[in-house]
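Participant: Just so you know, the sequences run in chain order A and B. The numbering used here numbers the first residue of the first sequence as 346 and each following residue consecutively. The numbering used here numbers the first residue of the second sequence as 153 and each following residue consecutively.
I should point out that these hints are in silico values taken from the structure, not numbers from a laboratory. Values in this document were obtained by computation on a predicted structure and should not be read as measured data. Don't be surprised by glycine CBs; every beta carbon is placed ideally from N, CA and C. Hints may be right or wrong, so weigh each one.
[Unchecked claim] Label-pair ranges, simulated between beta-carbon atoms:
#	chain 1	residue 1	chain 2	residue 2	range
1	B	S249	A	K412	20 to 28 Å
2	A	E427	B	D247	28 to 36 Å
3	A	S365	B	S164	38 to 46 Å
4	A	Y355	B	P160	44 to 52 Å
5	A	S365	B	S249	25 to 33 Å
6	B	P192	A	S365	22 to 30 Å
7	B	K153	A	S365	28 to 36 Å
8	B	T210	A	G373	23 to 31 Å
9	A	E398	B	V165	43 to 51 Å
10	B	L171	A	N362	38 to 46 Å
11	A	W454	B	L163	43 to 51 Å
12	B	E169	A	G361	48 to 56 Å
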Amino acid sequence: DTAVSQTPKYLVTQMGNDKSIKCEQNLGHDTMYWYKQDSKKFLKIMFSYNNKELIINETVPNRFSPKSPDKAHLNLHINSLELGDSAVYFCASSHRDAGNTIYFGEGSWLTVV
Amino acid sequence: KQEVTQIPAALSVPEGENLVLNCSFTDSAIYNLQWFRQDPGKGLTSLLLIQSSQREQTSGRLNASLDKSSGRSTLYIAASQPGDSATYLCAAEWDGSEKLVFGKGTKLTVNP
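Please work from the sequences and hints to get the whole structure.
Facilitator: Shown next, in the form of C-alpha cells:
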C-alpha cells in the first residue's frame, strides 16, 4: 500500500488554466505538506497543515490554495497557471510524536505550456 | 537566514568504495536533520533522521553524524554499490518549526 499518494503524476496544461493536485496519506499522520522542486532540483516548502489547520505558508502566490478536508488529505489548487509554475510538486506527511520522520509522495510533474 | 549547503554537487566513485557526503547548515540550534535519497523521477525516501540530542544514526551500510557546533552533518556509505546511485539530500529543521530546509543535493554515481 502506498503511504503517501498523489494524483495526477503528470499534468500538462495551458497558461491561464486552473488545476488541482490531490494527496492522501494512510499513515495516520497529523501533519501534511506541499513542497515544490524547481527545474534546478531545489526543494522548498510551500505549505503545511496540522490537523486540518494551516501552519506554514511560505510566501506562495495566492493563486495557490491548499485545502485539507480531513487529516488524511491535502489538496493543492492552482489558479491562472503561469509558465513559472512548471515544477514537480511533492506531498508529504509526518507525525510529531514519531520523531517527525517525513514521508514523501512520488511527485506530480506539472508542465505549463 | 537558515540555509543548508551540500558539496559537492556530484560525485562519481567506483563500486566498493567507502564514501562520505557532506552537509553544512547555518544556525547550530537545529531541531533535527534528515538525509533523503531521491531516484530519478521518484519521490524522496527518508534514510536517517538525527535528533538534535543525538550524534549519529546508523542503518545498514549508512551512518549519519551530526556536529551542531560546527554546523555539519556527514552521510557515510560503506562498500558502495551501483544501486546506491541517486541524489542524496540533506534537510534541517529548526526550533520545531515543522519546516524542512533542503540542500541542493549531491548526485552520486557508483560505477560497476
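Participant: Any hints from earlier that this structure breaks? Give me their numbers in increasing order, please.
Facilitator: Violated hints: 4, 11; rest satisfied.
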